[in-house]
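Participant: Here is what each chain is made of, one letter per residue.
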Amino acid sequence: MVSKLKVDSLNVFYDYCHVLKNVSLEVDANEILGIIGPANSGKTSFLKTLNRMNDFDHTFKMDGNIFLDNKNIFTNMQALALRKRIGMVFALPLSLPLSIFDNVAYGPRLHGQKNKTKLKEIVERGLKASYLWDEVKDRLDTPALNLSGGQQQRLCISRTLAVEPEVILYDEPCSGLDPISTAKVEEAMRQLRKNYTQILVTNNTKQSARVADRTAFFLMGELIEIGLTAKVFTQPDDKRTDDYISGRFG
Amino acid sequence: MGDPKKIQKLMFFLLLLATIIIIVPVVAIFAIILFHGLPALNWGFIFGMPREGMRAGGIFPTIIGTLYLTLGTMAFSLPLGVLAAIYLTEYAAENWLTRLIEISIINLAGIPSIVYGLFGLGLFVMFLNFGASILAGSLTLAIMTLPVIVTASREALITVPKSFREVSYSLGASRWQTVWGVVLPNAIPGILTGTILGLSRAAGETAPILFTVAAFYLPALPRSIFDQAMVLPYHIYVLSTQVPNVPAKIQYGTILVLVLFVFIMNISAAFLRAHFRKRKLW
Amino acid sequence: MTRMKNRFLEKIIEAAIFLSGIVAVLIVVLIFIFLFKESFSFFVKENMLAVLLGRNWYPISDPPQFGFLPLMMGSLFVTMGAIVIAVPFGLAAALYISEVAPAWLKDILKTGIELLAAIPSIVLGFIGIVVLAPLIKNFFHLGSGLTALAGSIMLAFMAMPTIVSIIEDAITSVPRSYKQGALALGATHWQTIRRVIIPAAFPGIIAAVMLGIGRVIGETMAVLMITGNAAIMPTTLLQPVRTLTATIAAEMGEVIRGSSHYYSLFGIGLILFIITFVINLIADLVLHRRRING
Chain U
1 MVSKLKVDSL NVFYDYCHVL KNVSLEVDAN EILGIIGPAN SGKTSFLKTL
51 NRMNDFDHTF KMDGNIFLDN KNIFTNMQAL ALRKRIGMVF ALPLSLPLSI
101 FDNVAYGPRL HGQKNKTKLK EIVERGLKAS YLWDEVKDRL DTPALNLSGG
151 QQQRLCISRT LAVEPEVILY DEPCSGLDPI STAKVEEAMR QLRKNYTQIL
201 VTNNTKQSAR VADRTAFFLM GELIEIGLTA KVFTQPDDKR TDDYISGRFG
Chain A
1 MGDPKKIQKL MFFLLLLATI IIIVPVVAIF AIILFHGLPA LNWGFIFGMP
51 REGMRAGGIF PTIIGTLYLT LGTMAFSLPL GVLAAIYLTE YAAENWLTRL
101 IEISIINLAG IPSIVYGLFG LGLFVMFLNF GASILAGSLT LAIMTLPVIV
151 TASREALITV PKSFREVSYS LGASRWQTVW GVVLPNAIPG ILTGTILGLS
201 RAAGETAPIL FTVAAFYLPA LPRSIFDQAM VLPYHIYVLS TQVPNVPAKI
251 QYGTILVLVL FVFIMNISAA FLRAHFRKRK LW
Chain B
1 MTRMKNRFLE KIIEAAIFLS GIVAVLIVVL IFIFLFKESF SFFVKENMLA
51 VLLGRNWYPI SDPPQFGFLP LMMGSLFVTM GAIVIAVPFG LAAALYISEV
101 APAWLKDILK TGIELLAAIP SIVLGFIGIV VLAPLIKNFF HLGSGLTALA
151 GSIMLAFMAM PTIVSIIEDA ITSVPRSYKQ GALALGATHW QTIRRVIIPA
201 AFPGIIAAVM LGIGRVIGET MAVLMITGNA AIMPTTLLQP VRTLTATIAA
251 EMGEVIRGSS HYYSLFGIGL ILFIITFVIN LIADLVLHRR RING
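Chains as they are written, first to last, in our numbering: chain U, 1 to 250; chain A, 1 to 282; chain B, 1 to 294.
Chain U on its own, in the form it takes in the complex:
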């Protein structure tokens, strides 16, 4: 089987600060890859490199290669086209100060969708996929910022889905959420596995254990270990992974 995403000896620097050191890994289609590790271990930098959100950072430098469906994302693809295929859900639920409907329709409109009925369909499909539809269907034109944190985060997932990406990156999507909202977001992720490849960066190791098929452990910019979640959590190869998971540091 050909991997969806392939990262080949990736090094990332910010202002000569070496934040990712020679990271290589592959992500299969339709899997959820969990990425765990203590703060400042390079997890978020890794995500941002995957959809080239670092392009705007003047201090950002890198070498190595990343392939999406065997195409090099830096040399063989435009950043905008790449970001349409690799969507991102941020740590805080970043609703735009627009209505619920307009938040979800923002992406499709960017990409030229003007047909009202089509937009309605896309919005409904997106909200249903993140299990938000039933809670908001009667107030689509109210401000998104009135929603609760958990609802907003699922709205952000819907917004990402509306662009019809192939890969979804989550940057600590549940960091500010209560357990019930977290459970709903996690359930949405499990359901989305049918159609999407997902990469989940999380500070909460248990979350990776609950939803990820495979888990990768980052430490100080290095990929220490990657493997099936059950194995990484029960019989890690590296002592540092064991220490982190069992809470001895981090």
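Keep in mind that the hints are not guaranteed to be accurate.
[Stated by the list, open to error] Quick list of in silico lysine to any residue cross-link-like pairs, SDA-like style, CA-CA up to 25 Å:
| no. | chain 1 | residue 1 | chain 2 | residue 2 |
| --- | --- | --- | --- | --- |
| 1 | A | K9 | B | L237 |
| 2 | A | K162 | U | L145 |
| 3 | B | K11 | U | Q78 |
| 4 | B | K11 | U | T75 |
| 5 | U | K114 | U | S99 |
| 6 | B | K37 | B | L52 |
No wet-lab data here; the hints were simulated from the structure.
Place chains A and B on chain U using the hints.
Facilitator: Here is chains A and B on its own, set in the frame of chain U:
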């Protein structure tokens, strides 16, 4: 003497005294203008034409002239200023060009208004052959207000959270789509406030319009942007130094109208700011 | 295909954004070129040194004399007078507003200063004629109150918003820990202000003085109306003077276009431009360095 507590008391009293000496004349000026100007205000004064060598009648043409000039100024300086601010906040890298632009803006803000008048005369009136006209005057005032609008718009754009831009980019938006879709709509209140304040300064300026648009007296209202116009600030200059024996009532009335014109703009800017601050959701 | 069209449209918009971005630079250059072009032949014909050091400004005599010195001295007198008055008062007001005044009074005072900034200079000129000049006339028993002093006082007043707000910014950006440190050592509030806050805010005070000078030297209408407009070498503040700005404003309207007199006024404009350019550059350097260090 020598007791620090006593010295402090004395010094604080002196500071207060200095502040009062600054503030009291401000209040007095407004009181004088209101006291002498209010009796002149009536419909005939505002909507009438000047009569008897401007010693009687109304000042309607000067109000219309100032209005045209303010709108003309806005038509040029608002788009230019906002686009320049967008360049500086959303596009410019930290390099020598950006620094050069910033220095230019700071220096534009410091150039004396009469020098703008000279420049407007040289470039718009003479070189481009617009003649003394509303067009030439508006362009001159637009250049003069540009630094204010750029600075205010920049501040408004910078306060839009970076995260909004990130969301937009993450959905595959281009830079311009991001500016248009999320940055600009959230910066509009700040931009408008700054623009109105800049225009209120322009509306009260005399020196830049002396040779570019202002007319001593015109029997009719201006009909096109290539016409000269009578303007409130210049009219005050005329009434107070060029025409003998103008009744004080007419002088103060004209001053009150200009002050009101400027203050209505200032107050609406303040109101706008307060209104949007209350509604702000992030 | 709409995608292609949108990309094309975007390129055009972004070109417009870039052009607008550099328009400020273009304008500054253009202003300089225009002033230079219009005055170059004048400075050559009349001998630059003779113009700058000439003590007689008789532009419409025969032969005309174009000495800038009385005008520059007029500007210098009025400006120095204004700064000498404005800086101590401005510093005192800024200190009072930011350090001493209770919160409710602070807002009122700040609004008062903002109101002052919003009054058009032509209005202040008029008030100067009808209120300030008679006061000066009676106080010093002069023939006319329209003097350099009247201009200085009015300009000090007009520069106040600039000076107060910049000094206030400088004071509020002094780290709180400095102040608390001094108070903790048993210094009184005033001692803290004098020994800690004023020294720490000093670059801001310098910037305020520079920008105040820039504001004052460029002011035109009020000065034109209340300084008496005599182009003579001033010796005291109680004489009428004519500033650089007032000369342009008063004479450009009646000058014969294309005459030496006409070009001499652009020469005055060029000098004003250079003076304010240098002053603003210095003020910006002072403020900018503070930002980097701070």
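Participant: Each hint should be assessed against the structure and marked as holding or not.
Facilitator: Okay, the hints, checked on the actual structure:
1. A:K9 x B:L237: Not satisfied, since the Cα-Cα distance of roughly 34 Å exceeds 25 Å.
2. A:K162 x U:L145: holds, 17 Å
3. B:K11 x U:Q78: With a Cα-Cα distance of about 16 Å, the restraint between B:K11 and U:Q78 holds, given a limit of 25 Å.
4. B:K11 x U:T75: With Cα atoms ~22 Å apart, B:K11 and U:T75 stay inside 25 Å; holds.
5. U:K114 x U:S99: Between U:K114 and U:S99 the Cα gap is close to 17 Å, so the pair holds against 25 Å.
6. B:K37 x B:L52: Satisfied, since the Cα-Cα distance of roughly 18 Å is no more than 25 Å.
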